[in-house]
Amino acid sequence: MERAVAIEVNRLSKAYGAHQAVSDLSFHVYAGEIFGLLGPNGAGKSTTLRTLITLLHPTSGTASIFGHDTVREADTVRRLIGYVPQERAIDRFLTGREHLQLLGALYHLTKEEAAGRINELLKLVDLEAHADRPAKTYSGGMKRKLDIACGLLPDPKILFLDEPTLGLDVQSRLRIWEYVRMLKARGMTVVMTTNYLDEADQLCDRLAIIDGGRIKALGSPTELKVALGGDIVSLTIKEMDRIPGLEAALANQPAIKTVRATGNGLDIRVESPEKALPVILETANRLGCGIEFIDYHRPRLDDVFIAHTGRRITDTAETPVE
Amino acid sequence: MTEYWQEISALTMRWVRRLSREKFSMLFTLVQPMLFWLIFFGNLFQRAADTQVTQAPNYISFLAAGVVVMTVLNNGLAGGVDLLFDKENGFLERLMSAPIRRSSVILSRFIFVMTITSLQVLVILGVAFLFGVEPATGLLGVAVILLIGMMFGVGLTAISMAMAFSVKSHGDFFSVLGFLSLPMIFLSSALVPLAAMPGWMSFLARFNPMTWAIDAVRPLILSGWSDALPHVAMVIPVMLVFDAVCLYGGAKAFRRAMG
Numbered sequence: 000m001e002r003a004v005a006i007e008v009n010r011l012s013k014a015y016g017a018h019q020a021v022s023d024l025s026f027h028v029y030a031g032e033i034f035g036l037l038g039p040n041g042a043g044k045s046t047t048l049r050t051l052i053t054l055l056h057p058t059s060g061t062a063s064i065f066g067h068d069t070v071r072e073a074d075t076v077r078r079l080i081g082y083v084p085q086e087r088a089i090d091r092f093l094t095g096r097e098h099l100q101l102l103g104a105l106y107h108l109t110k111e112e113a114a115g116r117i118n119e120l121l122k123l124v125d126l127e128a129h130a131d132r133p134a135k136t137y138s139g140g141m142k143r144k145l146d147i148a149c150g151l152l153p154d155p156k157i158l159f160l161d162e163p164t165l166g167l168d169v170q171s172r173l174r175i176w177e178y179v180r181m182l183k184a185r186g187m188t189v190v191m192t193t194n195y196l197d198e199a200d201q202l203c204d205r206l207a208i209i210d211g212g213r214i215k216a217l218g219s220p221t222e223l224k225v226a227l228g229g230d231i232v233s234l235t236i237k238e239m240d241r242i243p244g245l246e247a248a249l250a251n252q253p254a255i256k257t258v259r260a261t262g263n264g265l266d267i268r269v270e271s272p273e274k275a276l277p278v279i280l281e282t283a284n285r286l287g288c289g290i291e292f293i294d295y296h297r298p299r300l301d302d303v304f305i306a307h308t309g310r311r312i313t314d315t316a317e318t319p320v321e
Numbered sequence: 000m001t002e003y004w005q006e007i008s009a010l011t012m013r014w015v016r017r018l019s020r021e022k023f024s025m026l027f028t029l030v031q032p033m034l035f036w037l038i039f040f041g042n043l044f045q046r047a048a049d050t051q052v053t054q055a056p057n058y059i060s061f062l063a064a065g066v067v068v069m070t071v072l073n074n075g076l077a078g079g080v081d082l083l084f085d086k087e088n089g090f091l092e093r094l095m096s097a098p099i100r101r102s103s104v105i106l107s108r109f110i111f112v113m114t115i116t117s118l119q120v121l122v123i124l125g126v127a128f129l130f131g132v133e134p135a136t137g138l139l140g141v142a143v144i145l146l147i148g149m150m151f152g153v154g155l156t157a158i159s160m161a162m163a164f165s166v167k168s169h170g171d172f173f174s175v176l177g178f179l180s181l182p183m184i185f186l187s188s189a190l191v192p193l194a195a196m197p198g199w200m201s202f203l204a205r206f207n208p209m210t211w212a213i214d215a216v217r218p219l220i221l222s223g224w225s226d227a228l229p230h231v232a233m234v235i236p237v238m239l240v241f242d243a244v245c246l247y248g249g250a251k252a253f254r255r256a257m258g
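Protein chains in written order, with numbering that gives the first Met the number 0: chain A, 0 to 321; chain B, 0 to 258.
Among the clues, some could well be false.
Across the chosen pairs, the derived CB separations fall in these ranges [stated by the list, open to error]:
{"id": "1", "chain 1": "A", "residue 1": "E111", "chain 2": "B", "residue 2": "V244", "range": "51 to 61 Å"}
{"id": "2", "chain 1": "B", "residue 1": "E87", "chain 2": "A", "residue 2": "E270", "range": "31 to 41 Å"}
{"id": "3", "chain 1": "A", "residue 1": "E86", "chain 2": "B", "residue 2": "G125", "range": "38 to 48 Å"}
{"id": "4", "chain 1": "A", "residue 1": "L123", "chain 2": "B", "residue 2": "E87", "range": "23 to 33 Å"}
{"id": "5", "chain 1": "A", "residue 1": "G66", "chain 2": "B", "residue 2": "M0", "range": "27 to 37 Å"}
{"id": "6", "chain 1": "B", "residue 1": "F206", "chain 2": "A", "residue 2": "D68", "range": "26 to 36 Å"}
{"id": "7", "chain 1": "A", "residue 1": "G218", "chain 2": "B", "residue 2": "I110", "range": "32 to 42 Å"}
{"id": "8", "chain 1": "A", "residue 1": "T109", "chain 2": "B", "residue 2": "M200", "range": "57 to 67 Å"}
{"id": "9", "chain 1": "B", "residue 1": "Y3", "chain 2": "A", "residue 2": "R259", "range": "53 to 63 Å"}
{"id": "10", "chain 1": "A", "residue 1": "D154", "chain 2": "B", "residue 2": "R100", "range": "44 to 54 Å"}
Once the Cα atoms are required to be at most 25 Å apart in a straight line, the calculated SDA-like pairs of lysine to any residue come out as [claimed, not checked]:
{"id": "11", "chain 1": "A", "residue 1": "K110", "chain 2": "B", "residue 2": "T1"}
{"id": "12", "chain 1": "A", "residue 1": "K142", "chain 2": "B", "residue 2": "E92"}
{"id": "13", "chain 1": "B", "residue 1": "K22", "chain 2": "A", "residue 2": "A14"}
{"id": "14", "chain 1": "A", "residue 1": "K110", "chain 2": "B", "residue 2": "Q5"}
{"id": "15", "chain 1": "B", "residue 1": "K86", "chain 2": "A", "residue 2": "D204"}
{"id": "16", "chain 1": "A", "residue 1": "K135", "chain 2": "B", "residue 2": "K22"}
{"id": "17", "chain 1": "B", "residue 1": "K22", "chain 2": "A", "residue 2": "S12"}
{"id": "18", "chain 1": "B", "residue 1": "K167", "chain 2": "A", "residue 2": "S12"}
{"id": "19", "chain 1": "B", "residue 1": "K86", "chain 2": "A", "residue 2": "R91"}
{"id": "20", "chain 1": "A", "residue 1": "K135", "chain 2": "B", "residue 2": "S168"}
{"id": "21", "chain 1": "A", "residue 1": "K110", "chain 2": "B", "residue 2": "S168"}
{"id": "22", "chain 1": "B", "residue 1": "K86", "chain 2": "A", "residue 2": "A14"}
Bear in mind the hints are in silico, worked out from the structure with no lab data behind them. Keep in mind the model is a prediction, meaning the values are calculated, not measured. From the three backbone atoms N, C-alpha and C, an ideal C-beta is built for every residue, glycine too.
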């Protein structure tokens with residue numbers, strides 16, 4: 000089956016002076032999917048996004064939106080997209096409605112067209128009651144909703160969201176996720192950056208893991224997890240000094256794929272737990288390692304992230320509590 | 000073309016709305032130059048200033064031209080501040096991701112700053128009138144004063160916007176602003192005529208475009224057309240060059256920031 004391609008990124012690089020923000024990225028986004036750019040802060044997600052929405056010119060390589068080049072045909076691209084910036088891009092002195100009216104004029108809607116669409120959007124994001132209050136009286140969640148309404152005002156083919164739930168409370172986050180799913184159901188293509196693994200896992204149809212300006216892995220969350228191969232056994236060990244010994248002893252066992260030392264134990268990727276668990280326990284016993292805690296789970300997205308980048312996403316970014 | 004105008008007018012209206020929502024800020028912006036400089040400074044130095052030196056009936060009538068141009072200076076140099084905040088909170092990116100001509104944002108800012116400045120200049124001339132300063136060249140002279148003010152203001156606003164697009168933080172912006180504003184005033188003929196300045200100061204003041212503007216505005220207020228015309232004929236090409244340089248620099252800074 001041939002799927003329509005919404006975004007095509009080809010060998011994209013962006014450098015700021017000597018600093019290479021993004022190197023040689025190639026990927027595409029299908030029409031109608033939710034595509035995620037997952038990575039820690041400073042990984043190059045925002046640079047990639049801003050290139051796609053025509054705000055940055057690539058140093059080399061190209062990006063196109065429905066076949067239109069983001070540099071040469073910037074104006075056409077801008078007519079196809081909506082953007083929800085990462086910062087609270089709100090003018091505190093304007094009311095919610097005035098924000099949308101301003102954008103209406105910038106997208107060249109007539110007053111009547113704009114008024115109708117604005118009412119619809121205010122209803123959608125649940126801001127009708129607050130539409131005529133200055134934005135400085137809005138809560139963080141309300142500002143975010145206004146941001147999203149602004150992004151949707153042009154009725155875009157593709158909506159770009161930069162860290163849509165950064166710093167939001169749990170309820171607002173779930174609310175935003177709901178909107179995003181609803182937009183997808185209406186046939187919109189959504190591209191978002193995030194450094195929240197659970198967000199990427201639950202929301203995105205496909206995602207690219209970006210670290211150090213490069214794509215480390217790309218696929219659906221399930222594909223990425225399956226591709227890791229095998230399940231994960233995590234051990235917490237009392238005798239910290241014996242961890243390296245156990246690591247070495249397990250590394251060459253047949254049922255075990257990889258062993259990785261963590262702060263207080265080992266993460267072991269295993270072919271089949273039925274065969275591996277006895278081996279692990281027996282070896283630990285033989286080396287005199289007291290196992291304090293043992294956890295066995297199917298690969299999660301954070302395991303995927305660690306496998307591809309060699310570190311936890313939380314090493315540089317914080318994850319909110321669920 | 001109609002789309003272009005739709006963008007510019009919507010963006011200009013935004014600046015007007017913002018100002019009208021900040022009532023206090025608006026009041027102080029409007030009142031500060033006349034209260035602080037014209038009324039206090041003008042009257043305070045009434046007797047300290049020698050009319051032989053100023054060549055004016057009283058100090059306040061001498062100072063009026065200086066206050067007019069100082070207002071243009073301060074408004075112009077502060078003209079980029081709102082864009083700086085827009086840049087910092089991401090609003091500018093939102094505007095720039097819309098299918099608008101890149102120049103709309105800039106033009107809306109010029110229109111807004113020039114309008115506010117012109118209104119302020121009229122208020123200052125009105126207050127000066129209450130203190131007995133009647134422009135010698137009449138309403139046509141006032142129109143020429145506004146023209147000179149706007150020509151000077153365009154260049155200054157361009158500098159300010161260029162700075163807003165180039166600086167790393169708004170702390171930098173305000174430091175440079177504070178550093179520029181007062182020396183520009185002291186090294187000009189705003190408060191004292193060039194002839195009464197220490198040699199090195201009057202030498203530097205001669206290169207200050209502000210001096211050129213004041214030297215044209217002052218005879219328009221004090222003496223009349225025959226005195227003023229040679230200065231007006233000089234200041235217009237000077238301002239054209241000044242504006243051209245500032246706009247060129249501004250356009251470069253803008254392209255660097257937006258490319």
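Each hint, compared with the structure:
no.	hint	verdict
1	E111(A) with V244(B): 51 to 61 Å	45 Å, violated
2	E87(B) with E270(A): 31 to 41 Å	53 Å, violated
3	E86(A) with G125(B): 38 to 48 Å	42 Å, holds
4	L123(A) with E87(B): 23 to 33 Å	29 Å, holds
5	G66(A) with M0(B): 27 to 37 Å	28 Å, holds
6	F206(B) with D68(A): 26 to 36 Å	47 Å, violated
7	G218(A) with I110(B): 32 to 42 Å	51 Å, violated
8	T109(A) with M200(B): 57 to 67 Å	58 Å, holds
9	Y3(B) with R259(A): 53 to 63 Å	59 Å, holds
10	D154(A) with R100(B): 44 to 54 Å	21 Å, violated
11	K110(A) with T1(B)	14 Å, holds
12	K142(A) with E92(B)	16 Å, holds
13	K22(B) with A14(A)	44 Å, violated
14	K110(A) with Q5(B)	11 Å, holds
15	K86(B) with D204(A)	33 Å, violated
16	K135(A) with K22(B)	15 Å, holds
17	K22(B) with S12(A)	47 Å, violated
18	K167(B) with S12(A)	23 Å, holds
19	K86(B) with R91(A)	14 Å, holds
20	K135(A) with S168(B)	22 Å, holds
21	K110(A) with S168(B)	37 Å, violated
22	K86(B) with A14(A)	21 Å, holds
When the structure is compared with the earlier hints, violations turn up for hints 1, 2, 6, 7, 10, 13, 15, 17, 21 and for no others.
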